[in-house]
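Visitor: Build the full structure now, drawing on both the sequences and the hints.
Numbering-wise, full-length UniProt numbering puts 273 at position 273 of the sequence shown, and it's gapless, one number per residue.
No lab work stands behind these hints: they were computed from the structure. Fair warning: this is a prediction, and the values are worked out from it, not measured in the lab. Keep in mind that a hint or two might mislead.
Each computed SDA-like pair below joins lysine to any residue, with the alpha-carbon atoms no more than 25 Å apart [said to hold, decoys possible]:
| id | residue 1 | residue 2 |
| --- | --- | --- |
| 1 | LYS35 | GLY209 |
| 2 | LYS273 | GLU252 |
| 3 | LYS273 | LEU211 |
| 4 | LYS35 | LEU15 |
| 5 | LYS164 | ASP176 |
| 6 | LYS273 | LYS52 |
| 7 | LYS233 | SER257 |
| 8 | LYS250 | PRO214 |
| 9 | LYS273 | MET1 |
| 10 | LYS250 | LEU215 |
| 11 | LYS35 | MET1 |
| 12 | LYS164 | SER180 |
| 13 | LYS52 | ASP226 |
| 14 | LYS35 | SER180 |
| 15 | LYS35 | LEU211 |
| 16 | LYS52 | PHE225 |
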Amino acid sequence: MVYRLLALDIDGTLLNSNNRLDRQTKDAIQYAQKKGVIVTLVSERHFHSAAKVARALRLTQPIITHNGAFVSSSMDDPVYTSKIDHSVLIQLAEFLETYPCQIQMSHERLSVSNRPHSKNLIAKMTIGMNEPLFYPVTYVDSLSQYLLENYEAATDVKVKVDDKKTTDDLEKAISDYFPSLETSRAGSDRMTIVRQGTSKFNGLLFFAGQLGIPLHEIVAVGDGFDDLEMIEKCGLGVAMRNAPKEVKAKAEWVTRSNDMDGVAYMVREVFRKQIRVH
Numbered sequence: 001m002v003y004r005l006l007a008l009d010i011d012g013t014l015l016n017s018n019n020r021l022d023r024q025t026k027d028a029i030q031y032a033q034k035k036g037v038i039v040t041l042v043s044e045r046h047f048h049s050a051a052k053v054a055r056a057l058r059l060t061q062p063i064i065t066h067n068g069a070f071v072s073s074s075m076d077d078p079v080y081t082s083k084i085d086h087s088v089l090i091q092l093a094e095f096l097e098t099y100p101c102q103i104q105m106s107h108e109r110l111s112v113s114n115r116p117h118s119k120n121l122i123a124k125m126t127i128g129m130n131e132p133l134f135y136p137v138t139y140v141d142s143l144s145q146y147l148l149e150n151y152e153a154a155t156d157v158k159v160k161v162d163d164k165k166t167t168d169d170l171e172k173a174i175s176d177y178f179p180s181l182e183t184s185r186a187g188s189d190r191m192t193i194v195r196q197g198t199s200k201f202n203g204l205l206f207f208a209g210q211l212g213i214p215l216h217e218i219v220a221v222g223d224g225f226d227d228l229e230m231i232e233k234c235g236l237g238v239a240m241r242n243a244p245k246e247v248k249a250k251a252e253w254v255t256r257s258n259d260m261d262g263v264a265y266m267v268r269e270v271f272r273k274q275i276r277v278h
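Guide: Rendered as C-alpha cells:
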C-alpha cells in the first residue's frame with residue numbers, strides 16, 4: 001500500500017512528556033517528506049500554538065487545529081472552519097450564565113471568559129490544556145453582553161462547574177435546546193461545546209478531500225480518545241503505546257511511546273519500503 005498523507009496528533013504523540021520535539025522525530029518527518037508524503041498536524045491546540053510545532057517540523061501544508069474546527073496554514077486565510085455561529089453563541093452564553101459556572105469562549109485569535117465566581121477557579125480554569133496559552137484570556141463581567149458588542153464566532157466553548165450533577169444537567173439541557181451543538185466531557189466538572197460535526201477526523205477528511213487523497217492512503221497517528229475516529233477510519237491507524245487501552249485496541253498498529261520516539265520508529269518502519277510518491 002502506498003500512503004500519501006501522514007496525519008499526526010501533537011500532545012502525547014509527536015511531543016515527549018516534557019513537551020519537547022526530539023531530533024529523531026524531526027529527522028523522520030523530513031524522511032517521509034523526501035518520499036513525497038504530505039505531513040499535517042491534527043490537534044486540539046489553538047492554531048497559533050500548533051503552528052509553532054509545524055514550523056519546527058518545516059511543514060508547508062495546512063494544519064488541522066482546534067480539534068478540527070480550524071484548518072489553515074495561516075491565521076488569516078483558513079481553508080476550512082467549523083465554528084459556533086454568533087447568534088447561537090449569544091443564546092448559549094445567556095443560557096450558561098444562568099448556572100454557577102466559568103465559561104471560556106475561544107477562536108483562533110483570542111479567548112474570552114466570564115470572571116470566576118470563586119478565586120480558586122482561576123488557577124483551575126486556565127483552561128486545562130497542556131499547552132501554554134499564546135494569547136491572554138480576556139475576562140469580562142458578562143459574556144452575553146460582550147457578544148452583543150462584538151460580532152464573533154467560536155471554535156469551542158469550555159465550561160467549568162463545581163459539581164458533577166450540574167455538568168450532567170447542563171449536558172442534557174444543551175442537547176435539548178441547542179441541536180446545532182455537541183458536547184464532550186473532560187472529567188466530571190468540565191465540558192467542551194462545539195458545533196455539531198466538529199472533530200479531528202472531519203477536519204482531516206476535508207483537508208484530504210482538497211488534496212484528492214482517499215482515506216485508505218492516509219496514516220493517522222494519535223494517543224487520545226479524540227484521535228480514535230481517525231485511527232479507526234484511515235488507511236493505517238496507529239496508536240502510541242502511551243494511549244489508553246481502548247484506543248490501542250482499535251489501532252491497526254501500536255508503536256513505541258512518545259518518550260521512546262514512537263513516531264520516528266513508526267515512520268521509518270512504514271515508509272522505508274515505499275518508493276517516492278509523485
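Visitor: Each hint should be assessed against the structure and marked as holding or not.
Guide: Taking the hints in turn, this is what the structure says about them:
Restraint check: the Cα-Cα separation between LYS35 and GLY209 comes to about 21 Å, which is no more than 25 Å; the hinted pair holds. A C-alpha spacing of about 18 Å is found between LYS273 and GLU252, which places the hinted pair at or below 25 Å, so the restraint holds. Taking the CA atoms of LYS273 and LEU211, the gap is near 23 Å; set against the 25 Å cutoff, the hint holds. With a CA separation close to 23 Å, the supplied pair LYS35 and LEU15 stays within the 25 Å bound.
Only pairs whose Cα atoms come within 25 Å are accepted, and LYS164 paired with ASP176 is accepted, the gap being roughly 19 Å. A C-alpha spacing of about 31 Å is found between LYS273 and LYS52, which places the hinted pair above 25 Å, so the restraint is violated. Distance hint between LYS233 and SER257 is fulfilled; the C-alpha atoms sit about 22 Å from each other, no more than 25 Å. In summary, the hint linking LYS250 to PRO214 is supported, as the alpha carbons are separated by about 20 Å, within the 25 Å threshold.
Taken as a hint, the LYS273 and MET1 pair is honoured in the structure, with Cα atoms around 10 Å apart against an allowance of 25 Å. Between LYS250 and LEU215 the CA atoms are separated by roughly 16 Å; this keeps the pair inside 25 Å, and the hint holds. Of the pairs offered as hints, the one joining LYS35 and MET1 holds, with about 14 Å between alpha carbons and a cut-off of 25 Å not exceeded. A distance of roughly 24 Å separates the Cα atoms of LYS164 and SER180; the hinted pair therefore holds under the 25 Å criterion.
For the proposed pair LYS52 and ASP226, the alpha carbon gap of about 21 Å is at most 25 Å, so the pair holds. Straight-line distance between C-alpha atoms of LYS35 and SER180 comes to about 42 Å, which puts the hinted pair past the 25 Å bound. For the suggested pair LYS35 and LEU211, the alpha carbons sit about 17 Å apart, so the restraint of at most 25 Å is met. Under the criterion of a C-alpha separation no larger than 25 Å, the hint pairing LYS52 with PHE225 is consistent with the structure, at around 24 Å.
Hints 6, 14, counting from the list given before, are not met by this structure.
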